[in-house]
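Going line by line, the protein sequences match chains A and B.
Numbering-wise, this note's numbering puts 96 at position 96 of the first sequence, and it's gapless, one number per residue.
Numbering-wise, this note's numbering puts 126 at position 126 of the second sequence, and it's gapless, one number per residue.
Hints may contain errors.
Stated by the list, open to error - Some chain A residues judged to face chain B by a derived CB distance under 7 angstroms, without partners named: (1) Cys51; (2) Lys85; (3) Asp91; (4) Leu100; (5) Lys220; (6) Leu235; (7) Ile237.
To be verified - In the EDC-like style, the derived pairs of lysine to aspartate or glutamate whose C-alpha atoms are separated by at most 20 angstroms in a straight line are: (8) Lys2(B) <-> Asp60(A); (9) Lys113(B) <-> Asp124(B); (10) Lys122(A) <-> Glu73(A); (11) Lys66(B) <-> Asp103(B); (12) Lys141(A) <-> Glu111(B); (13) Lys361(B) <-> Glu73(A); (14) Lys56(B) <-> Asp124(B); (15) Lys131(A) <-> Glu11(B); (16) Lys199(B) <-> Glu90(A); (17) Lys113(A) <-> Glu161(A); (18) Lys5(B) <-> Glu161(A); (19) Lys141(A) <-> Glu198(B); (20) Lys115(A) <-> Glu161(A); (21) Lys131(A) <-> Asp103(B); (22) Lys130(A) <-> Asp18(B); (23) Lys130(A) <-> Glu11(B); (24) Lys85(A) <-> Glu200(B); (25) Lys2(B) <-> Glu153(A); (26) Lys2(B) <-> Glu73(A); (27) Lys5(B) <-> Asp196(A); (28) Lys5(B) <-> Glu96(A); (29) Lys2(B) <-> Glu180(A); (30) Lys199(B) <-> Glu161(A); (31) Lys155(A) <-> Glu126(A); (32) Lys173(A) <-> Glu114(A); (33) Lys155(A) <-> Asp21(A); (34) Lys8(A) <-> Asp60(A); (35) Lys77(A) <-> Glu124(A); (36) Lys66(B) <-> Asp124(B); (37) Lys93(B) <-> Glu58(B); (38) Lys199(B) <-> Asp91(A); (39) Lys2(B) <-> Glu116(A).
To be clear, the hints were calculated from the coordinates, so they are not data collected in a lab.
Every residue, glycine too, gets a C-beta built ideally from N, C-alpha and C.
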Amino acid sequence: MDKIITVKNLVKKFGAFTANDHLTFDVYRGEIFGFLGANGAGKTTAIRILCGLSTPTSGDIKIAGYDIYRETEKIKKNIGYMSQKFSLYEDLTVSENIRLYAGIYGIPSKKAKEKEAELLEKLEMESARKKLISGLPLGWKQKLAFSVAIFHEPKIVFLDEPTGGVDPVTRRKFWDLIYEASNNGITVFVTTHYMDEAEYCNRVSIMDAGKIEALDTPGKLKEKYNANNMDEVFLKIAR
Amino acid sequence: MKQLKSFIRKEFYHIFRDPRTIMVLFFIPIAQLLIFGTVIKNEIQDIHIAIYDQAKDETTQKITNKILSSGYFILEKNLENINDIESVFRLGKVKEVIVFESDFGEKLTKEGKANVQLIADASDPNMARLAISYTSGIINDYVKKMHPNLQLPMQLEPEVRMYFNEEMKSAYMFVPGVMALILMLISAMMTSISITREKELGTMEILLVSPLRPMQIIIGKVLPYLLLSIANAFVIVLMGRFVFGVPILGSFTLLMLETILFIAMALCLGIFISTVAKSQMTAMFISMIVLMLPTILLSGFIYPIENMPEVLQVVSHIMPARYFISIIRAIMLKGTGILFVWQETAVLIGMTLFFIALSVKKFKIRLE
Numbered sequence: 001m002d003k004i005i006t007v008k009n010l011v012k013k014f015g016a017f018t019a020n021d022h023l024t025f026d027v028y029r030g031e032i033f034g035f036l037g038a039n040g041a042g043k044t045t046a047i048r049i050l051c052g053l054s055t056p057t058s059g060d061i062k063i064a065g066y067d068i069y070r071e072t073e074k075i076k077k078n079i080g081y082m083s084q085k086f087s088l089y090e091d092l093t094v095s096e097n098i099r100l101y102a103g104i105y106g107i108p109s110k111k112a113k114e115k116e117a118e119l120l121e122k123l124e125m126e127s128a129r130k131k132l133i134s135g136l137p138l139g140w141k142q143k144l145a146f147s148v149a150i151f152h153e154p155k156i157v158f159l160d161e162p163t164g165g166v167d168p169v170t171r172r173k174f175w176d177l178i179y180e181a182s183n184n185g186i187t188v189f190v191t192t193h194y195m196d197e198a199e200y201c202n203r204v205s206i207m208d209a210g211k212i213e214a215l216d217t218p219g220k221l222k223e224k225y226n227a228n229n230m231d232e233v234f235l236k237i238a239r
Numbered sequence: 001m002k003q004l005k006s007f008i009r010k011e012f013y014h015i016f017r018d019p020r021t022i023m024v025l026f027f028i029p030i031a032q033l034l035i036f037g038t039v040i041k042n043e044i045q046d047i048h049i050a051i052y053d054q055a056k057d058e059t060t061q062k063i064t065n066k067i068l069s070s071g072y073f074i075l076e077k078n079l080e081n082i083n084d085i086e087s088v089f090r091l092g093k094v095k096e097v098i099v100f101e102s103d104f105g106e107k108l109t110k111e112g113k114a115n116v117q118l119i120a121d122a123s124d125p126n127m128a129r130l131a132i133s134y135t136s137g138i139i140n141d142y143v144k145k146m147h148p149n150l151q152l153p154m155q156l157e158p159e160v161r162m163y164f165n166e167e168m169k170s171a172y173m174f175v176p177g178v179m180a181l182i183l184m185l186i187s188a189m190m191t192s193i194s195i196t197r198e199k200e201l202g203t204m205e206i207l208l209v210s211p212l213r214p215m216q217i218i219i220g221k222v223l224p225y226l227l228l229s230i231a232n233a234f235v236i237v238l239m240g241r242f243v244f245g246v247p248i249l250g251s252f253t254l255l256m257l258e259t260i261l262f263i264a265m266a267l268c269l270g271i272f273i274s275t276v277a278k279s280q281m282t283a284m285f286i287s288m289i290v291l292m293l294p295t296i297l298l299s300g301f302i303y304p305i306e307n308m309p310e311v312l313q314v315v316s317h318i319m320p321a322r323y324f325i326s327i328i329r330a331i332m333l334k335g336t337g338i339l340f341v342w343q344e345t346a347v348l349i350g351m352t353l354f355f356i357a358l359s360v361k362k363f364k365i366r367l368e
């Protein structure tokens, strides 16, 4: 299979503390890759490095075929990012937010207009087009934030705990969007605490204390650790 | 370019949709100008004076009585020695000393000309100026009534001397001062807050992940405030000119160029603050405590630098507003050109470059 992210011996140190200890893994084109770990295990540090928000201490990393040290500008055009913090501007309307990102990613305004109409129709949010983000329900905001993150049709989208603080029904709906993106060929790299979400991934890696302890499909991991669900797998690894 | 345009449009949305920002940008400048403008034009009362009367004749006695009965002045002490003047000022209570030359009355009637010297403690320059003008007004008025045949104001020559601050530097000081203050407020504080807000909300990460370059982000943040600051500078200068009658003797173009330089410096300072501060609150605190207060107190805006303790005089050298105020004052009030303010201008350019270098270095490290 086609590798879209390759990471070899990624190390990130903050002084004497090693947040990422020789991480090595590959992500394949079009898959949903779950990046799991307890708080403080080093997930966020790793995802920030992959997005170019932070530089690694050492290691070879390629994103969409581009080197993370030398070709950051090319990487940026090919990735989308949605963080656990909210990533839309509350004092801008739905439409203004979409146009802003379209502008930043250099999408021609005619195309942006068409895509915006399409997107709002799909999300059933046409009525909210001129409403400020601050007045929308959290579920809508999250769906919109995700849609904006993939508005420029990136090759990879990084989601850092995208469903924090949302009820199970909304989460389920959010995952429908993720599947859809994946079906359209976008690789999804997602971190989460929710083990039910881990089941939705094609493959998951589980980090503990800065190291990747396990990496496989949810089915194989359950088999290997003799567990009924991902929750048990996680507890056996993270102890 | 299109990227930058979308980004700048967003910044203007932020500015025009936040009532607090609107307040800071459009109402506070005018309010401050009016407040400082009117507060400084204060009335005087109960000024303690000392009189060194070398003549001790009828005329000087009458003038003295007239001054004391005016209600503005209280006689603290009659001096007997020229050396007492300095020491009586040092004690601090006496704000003005009136010196009549010997044979004052006689000279006035015979030669039609006599000297009276008014010495004021100009550590509060505004008060000193008022005291002097009140006193000379009273003296002139008396002489005019007593000797209507004399041609005034030629004959009586009040010789004015400002103690501690010879040049009376605070006249019209407040317009340049308020300008420095407002520009500092808008440029440094508002940019630093607007950048830290993005950090707090998490949107900065999104911007840094996007193809926008850090330099574009900075320019996009700074440009709206640059434009608004320039607009504010215009309003302040015009209000100073037409509401308070502060003249603009020098070149208006030079004035504006220097103002833009100062704004650029303050913007860079704001960017630097935002790279240090993690939250909007911190950014506001740093701007308030580290920028605003010293700008008000140490730049020579309200308290003349010459009167400060030496330590603070040294500290005032790192206040950008100090140089700006002195440039603006020179251009507006003295009508001087660039030849006379190039040193201050150079200092401001140096400071701007320093903060740019520092911010670029800091901003590169980004969000770690």
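The hints, checked one at a time:
1. Cys51: OK, holds: Cys51(A) within 7 angstroms of chain B, min 5 angstroms.
2. Lys85: holds (3 angstroms)
3. Asp91: It holds, given that the least Cβ distance between Asp91(A) and chain B is near 5 angstroms, below 7 angstroms.
4. Leu100: holds (5 angstroms)
5. Lys220: violated (32 angstroms)
6. Leu235: violated (30 angstroms)
7. Ile237: violated (28 angstroms)
8. Lys2(B) <-> Asp60(A): Violated, at about 34 angstroms.
9. Lys113(B) <-> Asp124(B): Since the Cα atoms of Lys113(B) and Asp124(B) sit roughly 31 angstroms apart, the hinted pair is violated (cutoff 20 angstroms).
10. Lys122(A) <-> Glu73(A): This hinted pair is violated, its Cα atoms lying about 31 angstroms apart.
11. Lys66(B) <-> Asp103(B): holds (19 angstroms)
12. Lys141(A) <-> Glu111(B): violated (91 angstroms)
13. Lys361(B) <-> Glu73(A): holds (19 angstroms)
14. Lys56(B) <-> Asp124(B): Cα-Cα ~30 angstroms, so violated.
15. Lys131(A) <-> Glu11(B): Answer holds: Lys131(A) to Glu11(B) is near 18 angstroms, not above 20 angstroms.
16. Lys199(B) <-> Glu90(A): Holds, because 14 angstroms separates the two Cα atoms, which is no more than 20 angstroms.
17. Lys113(A) <-> Glu161(A): violated (29 angstroms)
18. Lys5(B) <-> Glu161(A): The hint is violated at about 31 angstroms.
19. Lys141(A) <-> Glu198(B): holds (17 angstroms)
20. Lys115(A) <-> Glu161(A): Violated, at roughly 26 angstroms.
21. Lys131(A) <-> Asp103(B): violated (86 angstroms)
22. Lys130(A) <-> Asp18(B): holds (17 angstroms)
23. Lys130(A) <-> Glu11(B): OK: Lys130(A) and Glu11(B) at ~18 angstroms, within 20 angstroms.
24. Lys85(A) <-> Glu200(B): Distance ~9 angstroms between Lys85(A) and Glu200(B) Cα, so the pair holds.
25. Lys2(B) <-> Glu153(A): Judged against 20 angstroms, a Cα distance of about 19 angstroms means the pair holds.
26. Lys2(B) <-> Glu73(A): Holds: Lys2(B) and Glu73(A) sit about 17 angstroms apart, inside 20 angstroms.
27. Lys5(B) <-> Asp196(A): violated (42 angstroms)
28. Lys5(B) <-> Glu96(A): Since the Cα atoms of Lys5(B) and Glu96(A) sit roughly 13 angstroms apart, the hinted pair holds (cutoff 20 angstroms).
29. Lys2(B) <-> Glu180(A): violated (30 angstroms)
30. Lys199(B) <-> Glu161(A): Roughly 18 angstroms separates the two Cα atoms, so the pair holds.
31. Lys155(A) <-> Glu126(A): Status violated; Cα separation ~27 angstroms.
32. Lys173(A) <-> Glu114(A): violated (24 angstroms)
33. Lys155(A) <-> Asp21(A): Roughly 27 angstroms separates the two Cα atoms, so the pair is violated.
34. Lys8(A) <-> Asp60(A): holds (5 angstroms)
35. Lys77(A) <-> Glu124(A): violated (28 angstroms)
36. Lys66(B) <-> Asp124(B): violated (25 angstroms)
37. Lys93(B) <-> Glu58(B): With a Cα-Cα distance of about 28 angstroms, the restraint between Lys93(B) and Glu58(B) is violated, given a limit of 20 angstroms.
38. Lys199(B) <-> Asp91(A): Since the Cα atoms of Lys199(B) and Asp91(A) sit roughly 16 angstroms apart, the hinted pair holds (cutoff 20 angstroms).
39. Lys2(B) <-> Glu116(A): Judged against 20 angstroms, a Cα distance of about 18 angstroms means the pair holds.
The structure is inconsistent with the numbered hints 5, 6, 7, 8, 9, 10, 12, 14, 17, 18, 20, 21, 27, 29, 31, 32, 33, 35, 36 and 37, although it conforms to all the rest.
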